[in-house]
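Since the structure of chain A is provided, determine the placement of chain B on it from the hints.
Protein chains: 2
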Amino acid sequence: MNGFNFYEKFSKNFREHPYLTRTLIVCAVSGGGGGLVAYSEGNLLSGSKVDKLPEAGKPKKKVVVLGTGWAGISFLKNLKNPSYDVQVISPRNYFAFTPLLPSVTVGTVEARSVVEPVRNIVKKKENINFWEAECFKIDAENKKVYCRSVTNEKEEFVVDYDYLVVAMGARVNTFNTPGVEENCLYLKEVEDAKKIRRAVIDCFEKASLPNMSDEERKRILQFVVVGGGPTGVEFAAELHDFVSEDLVKLYPSVKDLVKISLLEATDHILNMFDKRITTFAEEKFHRDGIDLKTGSMVVKVTDKEISTKEIKTGNTSTIPYGLAVWSTGIATRPVVTDFMKQVGQANRRVLATDEWLRVEGTNSIYALGDCATINQRKVMEDISSIFKKADQDNSGTLTVKEAQAALKDICARYPQVELYLKTKNLKSFVDLLKQSKGDVKESSEFNIEEFKSALSQVDSQMKNLPATAQVAAQQGTYLADCFNRMDECEKKPEGPLRFRESGRHRFRPFRYKHLGQFAPLGGEQTAAQLPGDWISIGHSAQWLWYSVYASKQVSWRTRSLVVSDWMRRFIFGRDSSQI
Amino acid sequence: MNGFNFYEKFSKNFREHPYLTRTLIVCAVSGGGGGLVAYSEGNLLSGSKVDKLPEAGKPKKKVVVLGTGWAGISFLKNLKNPSYDVQVISPRNYFAFTPLLPSVTVGTVEARSVVEPVRNIVKKKENINFWEAECFKIDAENKKVYCRSVTNEKEEFVVDYDYLVVAMGARVNTFNTPGVEENCLYLKEVEDAKKIRRAVIDCFEKASLPNMSDEERKRILQFVVVGGGPTGVEFAAELHDFVSEDLVKLYPSVKDLVKISLLEATDHILNMFDKRITTFAEEKFHRDGIDLKTGSMVVKVTDKEISTKEIKTGNTSTIPYGLAVWSTGIATRPVVTDFMKQVGQANRRVLATDEWLRVEGTNSIYALGDCATINQRKVMEDISSIFKKADQDNSGTLTVKEAQAALKDICARYPQVELYLKTKNLKSFVDLLKQSKGDVKESSEFNIEEFKSALSQVDSQMKNLPATAQVAAQQGTYLADCFNRMDECEKKPEGPLRFRESGRHRFRPFRYKHLGQFAPLGGEQTAAQLPGDWISIGHSAQWLWYSVYASKQVSWRTRSLVVSDWMRRFIFGRDSSQI
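Just so you know, the sequences run in chain order A and B. Using our numbering, the letters of the first sequence map in sequence onto residues 1 to 579. Using our numbering, the letters of the second sequence map in sequence onto residues 1 to 579.
One chain only, chain A, in its complex shape:
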């Protein structure tokens, strides 16, 4: 697990894109919001690092990266080709190690320990510039992005690009539940985690004040977590630890009034994990006194009450609460929704890319991480082309030998084929053909109908990748690798055969390699689901978690801080100062 350079030696391929000549439009553009919008050539700063032109004299290709989360930073860290002029635009000047955010909410680790300035990360790369600003509009047609300073809303500017890398992440999905935005806290950003930390202490301080009924104190100390995914579960566990290990000592008069509830709409929490983990987690929460309400959907939130509906019975009930954390899933950001309309994806819920992470309907925009999903091409859509390409002697039928020859390219282009073979325990593509036709020899032949029927179930293996840090980071590394070898692979494509056209794809498509997932459950116990269906639950998994998370840190600074935070917590407990 140590080698969390997830993807370094993996998928080295990338699809071609037509090189479009860069259009230079230098003019003042009036933008939204009534503010000043001016055109930026990217090298306006006197003494800026980006002034340099590449040796050949031709201007560098401009790459604009939107976002500095897992995807964006992993792209920047791995981009080693100095022949791009890179502009990074993000409303946050730091990268945050988001898997530790639940720990930050209660001070198990400090917010400062999980962040690293972007400028520090790219310090040694002279061709990368960072601007702390928010992109509020992507103009795909004119290849521009419109940005706004985060500290001064009137300060707007425009940046043009040759390649755009969209890695803006997602927003919290409230499912339009009334009152959520006004009354619930989220757990997506570092600021969110800090808010929760302050709010938890607030609740304890408020409930300790005089002149209050016990009922009111109970309400204030009712903590509700909405969403039984890994984030919600980990937060509930961390909160329980904070209360039972630290706060009970400092607030003895109200400690018996505290209650933590976890609401989940489906029947089980952590339902993306193995059944054993789910069961263990549910039992542990039961032992810890965390109230688990599954099959119960939130329909409304007011400032003091959460209304829920039991999905099976339709019965509604209300829970008076003091603090509610909403952690149910993600949705597309408005700027991305607007961009989707421009590129003909108005009807989709999530921005779609092809297997090379290029946004469908564009030729120089890439999207990765939580803000996009890969729209994996179906085998059935291309079945005739595949058959035709594999049929090297143009006989109209496919021999086993011909099928075997095309196998590598088919699996590379359509990873669901490989996955299907693995799932069905078939040793090769040929076994699959054999399965539908009975015993076959090298010279056996298949017509297109038999070929189709053999592959008919394959597309059912297609799944969207989860919206995790791991996926985003692997995508960033993959895309950086493609950018690093763009020219090289232009000359010598290394991707699979183009079944519908001639030649080969420039790069291999992106492939996700799942390295396992953790679910910390509090009390120094963690559940780990590792590749090969290896399940580990308990203290040993917690120590694995510590070592993996320490090794995954983006810098030695954050690594040493996180580790010392853990030690500090063991020695002194968590701090409850209201800052």
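Think of the hints as simulated: they come from the structure by calculation, not from any bench. Any given hint could be a false lead.
Looking from chain A toward chain B, a few residues come up when the C-beta cut is under 10 Å (computed) [claimed, not checked]:
1. K125
2. F280
3. I448
4. R557
5. L561
6. I579
C-beta atoms are modelled at their ideal positions from N, C-alpha and C, and glycine is treated no differently.
Here is chain B on its own, set in the frame of chain A:
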């Protein structure tokens, strides 16, 4: 310097106060702000620690402490007598080690490392309760304080007391300069330091954005510090270090535009220090490129400009700025001003106490730290009483022997006498009398006029104590010691003679013991002025500073955090993430 229990073995005296029977008024009171105000008996929480009655069966005396700064916490830490029922009320649930705030502004140490929860500090003392609320009114007549929850303004309550300890500190003094409140940052609270830290990074990020004139960038990177006292000077030095050691590497394109200016109305910075220190500091700032504008008063601040007036010439000028920190002195909080009106101090600028820290015009309210000053009684006011008391044989004249017998009590009651003798290098009070009468023998006699003339210059030695953490902490310890031995000293008073009345004062008056002061100047150099006029400037003083500040920490947690922050800074530099 290590023994920073400043005061443990010092002044053990305290004046008598009439024990008033506690008035119990249990009723609903309507309060300001339209919110609910109800009456609190202090033990409303079920299972609260304060329910216990002392063995004798009589109710415990109620002590209410307002504030958890240096004075309040030092009082609470040293209060060892369990026979009081103590309620602590403060808008912040933590104690902050304020001398490190300038370091917090730039991340040399983290905010979290300089705070410790009040509940943690008093955890072992069962008779102390803490409420996170703001006192907005003191009702001295009815012995009540009106409080408001800091998180919910509508939540108000009333607490009654037998003894009130006012340790609320002070607010920043803007001298009613227009625009200061709206545009300047302060440096009094932890929140202020965190705001400054974010604002400094903001300036660098803003100035790095495209589409900006160099003039505008220069304005944004013009940092102005108003006030050349220890806080302002230390902040300017810390900011200079942050910029030159860390930010220049991350913001190379704008590094040459940064300018730090320090404005001071008098002729020199650090004018409470020795001349050598002032000169060294001014020269060091000059070398560092910190622009020092002395003799220049701020008359107006707008959102982008500071207007100053040269005091000697009356010339005005304006400085465009990006960030201004105002650190010029302190003023009385509104709630204290209101209280002063109630106790007949409406005409004073600062709340006055007697030498036993009791608020003048009250008999059960004490005030300490920055919110009050000691109104030292003048010898000249009491000269007849002193003379009369010393004249044991009622002869109308004083022999040297009689004067010597009264000496200890006079010096204890009027510390200025002792100070005067020390300053004039007189070995004893008798030397002083000799001075005015020439050579004297044991049997020599003085009449009252000669006595007066000998002491006429003594009151000139009276000085207000500085508004420092050291004074506040010593006062807290002193007052706690008095409370600890209240009954004991009631029976056996240990204070000086009451010159105007009969008997002795219960306790010795408060005496401040100056243990020295530091002025960190940046670049690992500090100026230290220690008792006995010992001056140390440079790296050695910096190491002394490190060890003193580490030893002075309120808990082992903060001590280890502060030290590890210093180490982290040496290794990794200061973090510039915008959180």
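Item to complete: Of all the hints given earlier, name the ones this structure violates by number, lowest first.
Response: Result: hints 1, 2, 3 break, sorted rising.
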